[in-house]
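Participant: Sequence:
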Amino acid sequence: MQNHEDVVAIKCINKKNLGKSQPLIGKEIKILQELTKLQHKNVVALLECVDSPRHLYIVIEYCNGGDLAEYLNHKVNLSEDTIRHFLRQIAEAMKVLNQKEVVHRDLKPQNILLCHSGKPDPPPSEITLKIADFGFARFLTDGGMAATLCGSPMYMAPEVIMSLKYDAKADLWSIGTIVFQCLTGRAPFTAHNPQMLKNFYEKNANLAPNIPNGTSLI
744 MQNHEDVVAI KCINKKNLGK SQPLIGKEIK ILQELTKLQH KNVVALLECV
794 DSPRHLYIVI EYCNGGDLAE YLNHKVNLSE DTIRHFLRQI AEAMKVLNQK
844 EVVHRDLKPQ NILLCHSGKP DPPPSEITLK IADFGFARFL TDGGMAATLC
894 GSPMYMAPEV IMSLKYDAKA DLWSIGTIVF QCLTGRAPFT AHNPQMLKNF
944 YEKNANLAPN IPNGTSLI
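The sequence shown runs 744 to 961 under the working numbering.
Treat the hints with care, since some could be wrong.
[Claimed, not checked] For lysine-lysine, the following DSBU-like pairs were computed, each having C-alpha atoms within a straight-line distance of at most 35 Å: (1) Lys862 <-> Lys818; (2) Lys754 <-> Lys946; (3) Lys759 <-> Lys770; (4) Lys773 <-> Lys838; (5) Lys758 <-> Lys818; (6) Lys754 <-> Lys838; (7) Lys843 <-> Lys780; (8) Lys758 <-> Lys838; (9) Lys770 <-> Lys784; (10) Lys773 <-> Lys946; (11) Lys843 <-> Lys773; (12) Lys946 <-> Lys912; (13) Lys862 <-> Lys784; (14) Lys754 <-> Lys770; (15) Lys784 <-> Lys843; (16) Lys758 <-> Lys784; (17) Lys754 <-> Lys773.
None of these hints come from the bench; they were simulated from the model.
Generate the whole structure from the sequences, applying the supplied hints.
Facilitator: Right, here's the structure in full:
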């Protein structure tokens with residue numbers, strides 16, 4: 744293993760527990776390697792992979808601000824200026840994924856990490872967001888479509904949760920859900936379980952969440 748002077752995050756995977764997940768781990772590493780080549784500030788960087796007889800260690804950059812879910816739990820909802828600042832960064836990260844023909848498929852607040860200078864309660868303008876956790880991500884080239892049901896139901900696009908074919912636009916739905924949650928403190932469409940959410944989408948062709956009065960066009 745290389746010597747890292749900076750603090751890093753290490754994902755330790757017990758090979759004994761991999762089973763059918765082994766191809767997914769290999770794909771995640773490949774995608775992280777490709778994205779890291781672009782050295783984009785809004786995508787978490789893969790620093791190293793260490794393969795031992797019993798474990799696989801994935802070393803990534805450490806983000807000291809936790810994740811967006813924790814931030815929202817503390818703040819409840821965010822100002823429009825803060826949402827614009829965060830959304831610009833997410834959009835910049837998505838440009839990188841699009842450049843490498845990657846669809847994330849599990850965008851949610853828990854998979855958006857925050858970095859800052861380390862001082863307590865930094866202003867939003869000093870927070871850098873980084874897209875992380877590419878465990879469900881895949882390459883989608885030449886106008887291809889995906890069909891695998893994966894991700895977190897509350898943030899899944901309707902076409903995903905209804906087991907239809909989908910492409911990178913499914914990530915845009917997830918981002919829209921995250922923005923809505925940042926604005927209101929809740930997801931636009933919820934249900935007690937994935938099947939109820941699927942039924943809701945099947946019965947409602949025109950989806951229009953309730954946006955608070957006075958909200959401008961972000």
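Participant: When the structure is checked against the list of hints, which entries are broken? Sort them ascending.
Facilitator: 2, 5 and 10
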